[in-house]
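All chains, full assembly: derive it from the sequences and hints.
Below, each chain spelled out in residue letters.
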Amino acid sequence: MAHFEKANSIGEWFDQRLAVNTLKRVLQTEYWIPKDINFLWAMGMVLAATFGILLVSGIFLLMYYQPNVNTAFDSVNYTIMSEVGYGWLWRHVHGVGASVVFLIIYIHMFTGIYYGSYKKGRELIWLSGMGLFVAFSAEAFSGYMLPWGQMSYWAGMVITNLFSGGGLHADFLVEWIRGDYVPGQAFLSRFFMLHVLLVPLAIIGLIVLHFGTLRIPHVNNQEGEEFDYEEAAELYKAGNVKESKVIPFSPVFLSKDVFVMGVYFVMFFYLVFYHFEFAMDPVNFDPANGLKTPAHIYPEWYFLWSYEILRPFSTNVGLIAFAIAQVIFFTLPFLDRSPNVAPASRRGAFKFWFWAMLADVLVLTFMGKLPPAGIWSTIGFVAALAFFALWIALPIITSREKKL
Amino acid sequence: MANNTKGRRDFMGMALGGFTALGGIGALYAMKRTWDPLPSVKAAGFTTIDLTPAQDNILITEKWRGKPIFILKQSKEMMAKVSPEAKKRLIEMNGGFYMVAVGLCTHLGCIPGYDPVDESFLCACHGGMYDSTADVTKAPPPRGLDVPPFRVDGMKLVLGETGPEYEQMLADGTTMPV
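Sequence lines, in order, name chains A and B. One point on numbering: in numbering that gives the first Met the number 0, the residue at position 4 of the first sequence is 3, and numbering is uninterrupted. One point on numbering: in numbering that gives the first Met the number 0, the residue at position 144 of the second sequence is 143, and numbering is uninterrupted.
If you are wondering where the hints come from, they were derived from the structure by calculation, not from laboratory data. Glycine included, C-beta positions come from ideal geometry on N, C-alpha and C. Heads up, a few of these hints could be off.
Here are the in silico distance ranges between beta carbons for each label pair [said to hold, decoys possible]: (1) B:Pro52 <-> A:Met192: 39 to 45 Å; (2) A:Asn315 <-> B:Pro176: 17 to 23 Å; (3) B:Pro83 <-> A:Leu167: 27 to 33 Å.
Straight-line Cα separation of at most 20 Å, EDC-like style, residue types lysine to aspartate or glutamate; simulated pairs [unchecked claim]: (4) B:Lys62 <-> A:Glu174; (5) B:Lys31 <-> A:Glu233; (6) A:Lys291 <-> A:Glu276; (7) A:Lys241 <-> A:Glu225; (8) B:Lys86 <-> B:Glu164; (9) A:Lys236 <-> A:Glu222; (10) A:Lys291 <-> B:Asp114; (11) A:Lys291 <-> B:Asp145; (12) A:Lys236 <-> A:Asp35; (13) B:Lys41 <-> A:Asp170; (14) B:Lys31 <-> A:Asp170; (15) B:Lys155 <-> B:Glu91; (16) A:Lys291 <-> B:Glu61; (17) B:Lys62 <-> A:Asp170; (18) B:Lys80 <-> B:Asp134; (19) B:Lys72 <-> B:Glu61; (20) B:Lys86 <-> B:Asp55; (21) B:Lys41 <-> A:Glu174; (22) B:Lys62 <-> B:Asp117.
See the structure below:
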């Protein structure tokens, strides 16, 4: 066994046994973050904090929620909402958090696209981040099933039907996923399991991986500048804090993050206490009924853009378009052929590509909410085509980009 | 001697890997089977419906395997308009013609509503339409409503069982297997 001296303090006692000082140095005080950043760089920690809030509120909901087709609806809408002390708080925090987390994810993604933070050496940051986006989508969908209202049931019906593959008629696969001919008890229990255990485990694993992928290429900066981190770190440690291009993750970078989080949480809790209804679809306050379809079935706002890509086409084409739209963002580091790591504003045609893509996704989102008729239907169709045109154009315009 | 050790370790490594892979495949199969519909769910998949009370052009909605089943007795006027191809979709019982179909849009599974004046079905989700024999008249649905497996028993229909009339429909390509 290793030799241990008598410890002079509790801190030293832990350091001898767990090397906490080394851990603290490697993960915090000597984990270097570039100085040339803005508030958009705080979105990662905002997301981590929101995930934490979803986890805590979820644990309290879990104590009273009943994953049973006969009692699920009342366990949420009666027991948790009116019997459990502050049950309404956990529910509204959980509902608002699930919606807002996607807003921050989209801001985080488009920040990465704008500053080229997915380029050579940083591909894994982008890929693990996209993995998190998919895992969060699965988490949002499975959670949406649990109150077992009309929207839960019919969203479950429509989304699981997508797995029949349209013209392939893989109904056996749909029935296998549901464990029944229609969404029923087996379906509710398994999506409950996915929501509270398997998907959160995957998310936690992916978060660790996402942090890990940042370590070697380092966080990008506002100008995409490549510099010697060792040198900058030495400068900082020698006390030349002003001249150095880096700051330690903790406490310096985190203190800025905490400020942004403070602003964010003021808005977050404003929504929780005064405007929670935006995350609560009124149709879902009717219990699930397999013999009555709601007049309009639409997903939550964060899935609308891809729903609008599914909608204007015939079944098979729509499914293929939808499937491509779901995974196309994964290919960004490989379709962008330019070696330039720089903000979009300095990248010529890519600047227009970036704003066109952002505008297109926004248009798709708004059209996805409107009924599919008349001029809205046409705009949605054009925006869906534009989405694919932009992806086809990306390798062409970026391979012609001038080297900076 | 060193080579001999390496050979023994390789053998043990491969043996361990092989048995682990075998166990892994077994575990995957068990997981797949655990997600299968339960026998009780499958056994509850039969429903008998008596068609005696059905009236002309009045839609009856029954339930089979949790799905809505549409039954529409065709009136004489409706039958006069029906094409020979569409007639194959109907079930003849005791001289009357009945449309029997799963009431889920073949596009993405919403429930279409019936308008007895227009004698047509409209799906509110994405605007698909069907005529009174449940054949598709307006996209996006790729085909008419599916006919559930049935067996004719006097004036009763046993849904979930397969009779000769249903097999004929499958053979004609009138319906997809549900």
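Quiz item: Where does the structure disagree with the numbered hints, that is, which hint numbers, in rising order?
Solution: 5, 6, 9, 22
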